[in-house]
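Single-letter residue listing:
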Amino acid sequence: EAQVTQNPRYLITVTGKKLTVTCSQNMNHEYMSWYRQDPGLGLRQIYYSMNVEVTDKGDVPEGYKVSRKEKRNFPLILESPSPNQTSLYFCASSLSRGPDVGEKLFFGSGTQLSVL
Amino acid sequence: AQKVTQAQTEISVVEKEDVTLDCVYETRDTTYYLFWYKQPPSGELVFLIRRNSFDEQNEISGRYSWNFQKSTSSFNFTITASQVVDSAVYFCALSEGETSGSRLTFGEGTQLTVNP
Numbered sequence: 013e014a015q016v017t018q019n020p021r022y023l024i025t026v027t028g029k030k031l032t033v034t035c036s037q038n039m040n041h042e043y044m045s046w047y048r049q050d051p052g053l054g055l056r057q058i059y060y061s062m063n064v065e066v067t068d069k070g071d072v073p074e075g076y077k078v079s080r081k082e083k084r085n086f087p088l089i090l091e092s093p094s095p096n097q098t099s100l101y102f103c104a105s106s107l108s109r110g111p112d113v114g115e116k117l118f119f120g121s122g123t124q125l126s127v128l
Numbered sequence: 048a049q050k051v052t053q054a055q056t057e058i059s060v061v062e063k064e065d066v067t068l069d070c071v072y073e074t075r076d077t078t079y080y081l082f083w084y085k086q087p088p089s090g091e092l093v094f095l096i097r098r099n100s101f102d103e104q105n106e107i108s109g110r111y112s113w114n115f116q117k118s119t120s121s122f123n124f125t126i127t128a129s130q131v132v133d134s135a136v137y138f139c140a141l142s143e144g145e146t147s148g149s150r151l152t153f154g155e156g157t158q159l160t161v162n163p
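Protein sequence lines correspond, in order, to chains A and B. By my numbering, the letter at position 112 of the first sequence is numbered 124, and the numbering carries on one by one without gaps. By my numbering, the letter at position 11 of the second sequence is numbered 58, and the numbering carries on one by one without gaps.
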């Protein structure tokens with residue numbers, strides 16, 4: 013089954029404790045992206061990757077890191093989480109890298125992160 | 048810079064009423080794509096429709112219809128004879144240009160509640 017798998021589904025942590033949210037897709041997609049969803053702000057793009065070893069900042073990259081060492085994996089790293097990073101996070105992948113990417117995006121189930 | 052505005056934060060209707068969700072966008076590109084997504088209470092994001100900037104034809108799919116008007120930079124979504132299962136958060140999104148599919152900008156979302 014084609015899917016994007018995020019782990020964990022829920023995560024509670026404390027300020028400053030490094031964490032990684034994993035994202036894996038089994039569709040051989042080149043394009044992968046991370047979004048955060050906050051009430052009243054919609055989804056905002058954090059980072060995206062057009063291919064292995066190619067990553068770029070989205071609209072809200074501060075406080076986050078990503079890596080793309082393999083095509084299937086795109087982990088999101090919070091080196092020193094802060095309470096303002098409490099949010100619902102979505103990973104997505106797409107066969108398309110063009111402007112129609114929104115039509116072909118596969119989203120993960122989301123990770124609800126709470127930073128105390 | 049691209050921007051999407053969904054001014055209606057919450058809408059509440061009674062079953063069988065028609066409801067329209069507004070979406071206004073800003074872009075400097077002549078080529079762009081518009082999307083609508085549905086996020087039911089279970090949290091996953093479901094793609095509903097794509098429109099490109101060269102196709103202003105309105106579209107109907109069952110009880111759903113979309114009205115794209117470039118003159119007012121709007122891409123509104125109407126649900127006819129609403130049902131309880133339509134209760135969800137609905138997002139409008141925009142992607143610009145020939146190759147910038149990497150930048151998918153979402154609106155703030157509209158929470159639709161359909162009461163029995």
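Hints may be right or wrong, so weigh each one.
No more than 25 Å apart at the CA atoms, straight line, and that leaves these computed lysine-lysine pairs for PhoX-like [stated by the list, open to error]:
(1) Lys116(A) x Lys85(B)
(2) Lys116(A) x Lys50(B)
(3) Lys30(A) x Lys83(A)
(4) Lys117(B) x Lys63(B)
(5) Lys69(A) x Lys50(B)
(6) Lys117(B) x Lys85(B)
(7) Lys63(B) x Lys116(A)
Bear in mind the hints are in silico, worked out from the structure with no lab data behind them.
Cross-check of the supplied hints:
| no. | hint | in the structure |
| --- | --- | --- |
| 1 | Lys116(A) x Lys85(B) | holds, 14 Å |
| 2 | Lys116(A) x Lys50(B) | holds, 21 Å |
| 3 | Lys30(A) x Lys83(A) | holds, 24 Å |
| 4 | Lys117(B) x Lys63(B) | violated, 30 Å |
| 5 | Lys69(A) x Lys50(B) | holds, 17 Å |
| 6 | Lys117(B) x Lys85(B) | holds, 23 Å |
| 7 | Lys63(B) x Lys116(A) | violated, 31 Å |
Going down the numbered hints, you'll see the structure goes against 4 and 7, while the others check out.
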